[in-house]
Amino acid sequence: MTRRTLTAGERGDRRFAILAASPAVLTIGALFLYPLLYAVMLSLYQMNDKLPGATQFVGLWNYAQIATDANFRQALVRTLVFSIFTVLGGVALAVGIARLLQHPFRGRNLARVLLLVPWAVPPVVNGIMWKLIFDGTYGVANSALAGLGLIGRPIQWLADPELIMGVLILSEVWKLTPFLALMTIASMQAIPSNIYRAAAIDGAGSWAQFWKVTLPNLRGTLMFLLIVQSMWSIKVFDTIYVLTGGSGGPAEATTTVNFLAYLTTFSYLDRGYGAAMSITIMGIVIATTIFWILLLGRRKEKST
Amino acid sequence: MIARTLIHRALVVLLVLYLVVPFGWMVVYSAFPSSNLRSVRMDLSPADLTLASYTALLSDSTFLVPIRNSLIVAAATTLICMALGSLCAYVFARFRFRGQQTLLLGMMAVQAIPAVVLAVPLFVLLRSFGLYDSMLGMILTYTAFILPLVIWMMVSFFESIPVNLEKAARVDGCTRLGIVRRVVLPLSGPGLAATSIFAFITAWSDFFLAKVLTSNNTPLLPVRTAAFQGIFAMDYTAAATAGVITALPVLVLALLAQKWIVQGITEGAVKG
Amino acid sequence: MAEIQLQGVSKKYSPKDERYAVEHLTYTIPDGSFVSLLGPSGCGKSTTLNMIAGLESVTDGSIVVDGRAVEDLEPHKRDLAFVFQDYALYPHLSVADNIAFGLRMRKLPKAEIEQRVLEAATKLELENHLRRRPKALSGGQRQRVALARAIARRPGVLLFDEPLSNLDALLRDKTRAELKILHAEIGATSVYVTHDQEEAMSLSDRIAVMSAGRLEQYGTPAEIYRTPATEFVAGFVGKPRMNIVDAAAVGPHRVRIEGTDLEVDVPDADLTGCDTVRLGLRPTECSLAPGTAAEHDGTVLVVEPLGNATDVLVQVADGEFVVREPGFSSRRPGDPVRLDTRAAAPHVFDARTHQRL
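Protein chains in written order, with the numbering used here: chain A, 7 to 310; chain B, 1298 to 1569; chain C, -13 to 343.
No lab work stands behind these hints: they were computed from the structure.
None of these values were measured; they are calculated from a predicted model.
From the three backbone atoms N, C-alpha and C, an ideal C-beta is built for every residue, glycine too.
Do not rely on the hints blindly, as some may be mistaken.
Unchecked claim - Taking CB as the label site, the calculated pair distances span: (1) B/Tyr1315 x C/Arg5: 52 to 62 Å; (2) A/Ile207 x C/Asp154: 43 to 53 Å; (3) C/Lys160 x A/Leu302: 46 to 56 Å.
For reference, chain A alone in the conformation it holds in the complex:
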């Protein structure tokens, strides 16, 4: 007698599972998926609040426009530059910080706790913070540099298109690297100490141990960090807004694609085009993730 039906226990379990999971899934579906679909729909339309009469279905025309949009291309370049520095610099710095804090020393716990400070600071406040430091007229950076006699005239950090990008990169790295460092530290601690002892016996000094033992074992974590930081870098908004007063920077120096999408949708009020741009950005994020996975993913399952 083969039983195809479930036992009473399993039926009760199934009921529980559905009841427990549905509220969350339904909420996400209603307030996330639905707007997402709406946005996709919107991107297929030409809809501009400044030209109310001209709303019409245009299919993929918006996307085609994006491909030839010089503004978008420039924003893309800026985003790329920004991301390369923040992602690679940030992850490298995170690994460095983790290395610094790897072995116990007096005060290490304090240092680790302080790593949380940048993470906890709201992005808006982050923007204000760095503005206070780098503002051309009132910033303390200029005061300090002048006080040390290093500059004659105040440097217009935030008004110079090239410098402001640097400030932005610094602010982003400051905010997010410590969190990455914390994750790296955690992963480092998961590496069994026996492997280091074996390496030491094999003649590896502390530097060699780092390269040959620590880094390879961090591969999974590093890939995760690179992906996550890439996502965050593309999505940066609050800091740009505050640093540039909502404008996107002198000569649009810090207008990343995300910010451009915001301007398009809410300043230029070109809703349909803005939606298409946003969805394109989403695609870029997904593509970047896939890029990292392909590059660093576990190709051989039988790893160390």
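We have chain A already, so just place chains B and C on it with the hints.
Chains B and C in isolation, oriented as in the chain A frame:
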């Protein structure tokens, strides 16, 4: 050997300064009258320290109201997300079903979506339900965004609880709900704490959605703080003060619960 | 008190998978007896135990406890208690609360709960630890808490999933003896999963030997040891492992070990129609005699002294043969030896079906 330790010490000191000084500077800035700070040579004599900026802001109702609103919205969002999210995460952690991996991956993929994609649709959606510029509207919106995060984090915490404990409870006579209540939740303390704080910080700190989806009726703190600056005029001292006030609650929360947060990150990292 | 009957019990890995984790088990566990499910990893013994407990569902067949079919019942309705390999103690509860957990779930009156907790704790020498948390206890103590939790329920059936494997060797032997005493006192029908055949032999009234999801043999320790029903059982039970070699039939009751001219009488087996068979001889029942270069059955490879005996590994034809000699042996590696199998009870198995002949 000594040289190495010295370099190490120096680097650690640099690290600590790097972490603390930017925020510290903002605190200092907010505690001096703006006249001291107007010139390139700043006047930082301790005698001039004052909390005038704070009292000014905190007695201004246009500043107090956003504080209250943000508190309520963030707290409510956190509670709802933790309740619904934990239950859902438990199901994901313990039950096998079709499409499970895809759903879980989807939760993570949600992080990839820039908020600007959903801004206009949400605007339209909330409008049509009369929830634009309302607390309930913001709570619902934030819940939708933060739920995937909560589920993602709690799944890994729940998975770290030995299954045999739950089996023992089943043999002892617990219903599923009973197991969650009596065995799983008591053992998830650190995970729940870390995730709650994550959720609260995320909801409290949001700027973009708050800006797009609220107006005069339900001002939220990050938007109000950002309004202290503009292209043409900026009250730097007030901005600094507002910045400190906005950051303080979440900073305190993070530092208080740092043990749990670090533990939470540790467990998540090991799994990844 | 409960008799457990398994009737054609099977379990597939998953509904779509054709493979069976456990295939058509049918046997009866008498009321009050102690039965071990013995076998190597992956043989399905834990799956069977989980099915009896209700922690896993049954694909085919029926489990009858005390006359009632229970396959559909939830675990807590089956009146059984489970002792886990890793003890599964609730870390956030005290020892007393751990023991009382199941009793509270059954909504017993408070006074009775307290009494039963104390009774179980005393039986397992835990009275002084009732307020402590599991993490403050040693491995052996935690194991006893798990036992106390099980017996406080006064169940009709007690299930054990390799409870001793996390203990160190000395503690394991001591606890084994205590378990046997406990079973005699409590009297509940006990089903015990283990991969350690010594444990199974010493504790059980009956043993169910399993391999790859199938039942190899179900019988008393004596039956399993003296008359193993399959080649697998013969090789699995008994320490040191039984020597099993290829042999050619040279008569209806006589075989010759391949590659040698050693012949063994097998009066209990009928070899008509057989060509080659598998012959099993226990190391403890064979003996060695010195040989010469011209006349020998094998050469000594390794000598392993154990104290009260010595295991001598001998190269016989293409294979290895182990003989256990009493005391310390004078053999040296390289010695030619003669094999004496007259005192050994021979076990003959069909070369193809591996069944006893």
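Against the structure, the hints:
1. A beta carbon spacing of about 59 Å between B/Tyr1315 and C/Arg5 agrees with the range 52 to 62 Å that was offered as a hint.
2. The hinted range of 43 to 53 Å is not satisfied by A/Ile207 and C/Asp154, whose Cβ atoms lie roughly 28 Å apart.
3. Taken as a hint, the range 46 to 56 Å holds for the pair C/Lys160 and A/Leu302, whose Cβ atoms sit roughly 52 Å apart.
Checked against the numbered hints given earlier, the structure breaks only hint 2 and satisfies all the rest.
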